[in-house]
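Protein sequences appear in the order of chains U and H. Okay, so the first sequence: first residue is 1 according to this note's numbering, each after it adds one. Okay, so the second sequence: first residue is 1 according to this note's numbering, each after it adds one.
Any given hint could be a false lead.
Unchecked claim - Listed next, the stretches of chain U that the computed footprint assigns to chain H, with coverage defined by at least 3 CB atoms under 8 Å from CB atoms of chain H:
(1) 40-47
(2) 99-108
Claimed, not checked - The following residues of chain U were derived to be distant from chain H, with all beta-carbon distances above 12 Å:
(3) 9
(4) 20
(5) 22
(6) 52
(7) 80
(8) 90
(9) 93
(10) 96
As the list claims (entries may be wrong) - Between beta-carbon pairs, the in silico distance windows are:
(11) U:77 to H:30: 32 to 40 Å
(12) H:39 to U:5: 27 to 35 Å
(13) H:70 to U:16: 26 to 34 Å
(14) H:17 to U:77: 31 to 39 Å
No lab work stands behind these hints: they were computed from the structure. The beta-carbon is built from N, C-alpha and C at its ideal position, and this holds for glycine as well.
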Amino acid sequence: GQQVMQIPQYQHVQEGEDFTTYCNSSTTLSNIQWYKQRPGGHPVFLIQLVKSGEVKKQKRLTFQFGEAKKNSSLHITATQTTDVGTYFCAGGAAGNKLTFGGGTRVLVKP
Amino acid sequence: DGGITQSPKYLFRKEGQNVTLSCEQNLNHDAMYWYRQDPGQGLRLIYYSQIVNDFQKGDIAEGYSVSREKKESFPLTVTSAQKNPTAFYLCASSIIHRGTPGAQFFGPGTRLTVL
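Looking at chain H on its own, in the form it has when it is part of the complex:
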């Protein structure tokens, strides 16, 4: 089946620890995105990548880092510098139109709780 996967579904970490969230897609999409969703809120863009070995900061990139070494993979690291890391993290992918964002396909998300 084609799709986008995220693991794990639930993640618990102690304050001060870095944690890496996995995101893999087999849709052959060029673009991948990371969003953060807080309870009852909308989606805020953390980072996005349009091509391998290149990525751009979104609206709330501070305290996060990413890499795009393969087209299929876009892992997100939540560092200890992120002040309020507890949230629902969503990864998405899309094709790239000329200057127009395509429909985004989301993974099931990872719920991170920092204790």
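Bound conformation, chain U alone:
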């Protein structure tokens, strides 16, 4: 079945630095979604990418969908303590269900 992998599993970032987390699917996706889960909370939808090569920005967050629609990335610039949490990508395929990656847990050092 479809598998979605995320790397790295953990990301320790100095406040103010940039970092990128990557998402790779074993199959071609219809879309890719990104979610953020704060410690002790529930996942919150951030964004959806549908088109091949699509790039979207939300303030300090930049999301990209690969040309082959099998991978995606999330880049955060000037990391802040509010960025702490786990970022999940989720790949969409036929059948209206998502396959979630394992997540990247982000810790920010002040």
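Keeping the supplied structure of chain U fixed, place chain H upon it in accordance with the hints.
For chain H alone, coordinates are given in the frame of chain U:
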């Protein structure tokens, strides 16, 4: 306020007992989903439903059952057949696009502990 609710937030049960987790949404979403999350892990799909009176198994359906008698409600029963039921259970809902999953809105979750 529109949203998705789950109750209770924490639930304790003895081994061998069935337990039902509640999930209600007033977003008028057609699709509803149940996920299981273990500590430090991602989300695994248990069951999902795209329309009333119909549902499909996800990746880890064994030991669970669901019903979808109303559009707003999608309760999950964790049966005694589930070998490791202690986990964080998340319910979500979304609109349905043509062949493309829409953004999912999650409830606050239920932390189930089986003693």
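The hints, checked one at a time:
no.: 1; hint: 40-47; verdict: holds (count 5)
no.: 2; hint: 99-108; verdict: holds (count 6)
no.: 3; hint: 9; verdict: violated (9 Å)
no.: 4; hint: 20; verdict: holds (19 Å)
no.: 5; hint: 22; verdict: holds (15 Å)
no.: 6; hint: 52; verdict: holds (14 Å)
no.: 7; hint: 80; verdict: holds (23 Å)
no.: 8; hint: 90; verdict: violated (8 Å)
no.: 9; hint: 93; verdict: violated (8 Å)
no.: 10; hint: 96; verdict: violated (5 Å)
no.: 11; hint: U:77 to H:30: 32 to 40 Å; verdict: holds (37 Å)
no.: 12; hint: H:39 to U:5: 27 to 35 Å; verdict: violated (19 Å)
no.: 13; hint: H:70 to U:16: 26 to 34 Å; verdict: violated (50 Å)
no.: 14; hint: H:17 to U:77: 31 to 39 Å; verdict: violated (50 Å)
Checked against the numbered hints above, the structure violates hints 3, 8, 9, 10, 12, 13 and 14; every other hint is satisfied.
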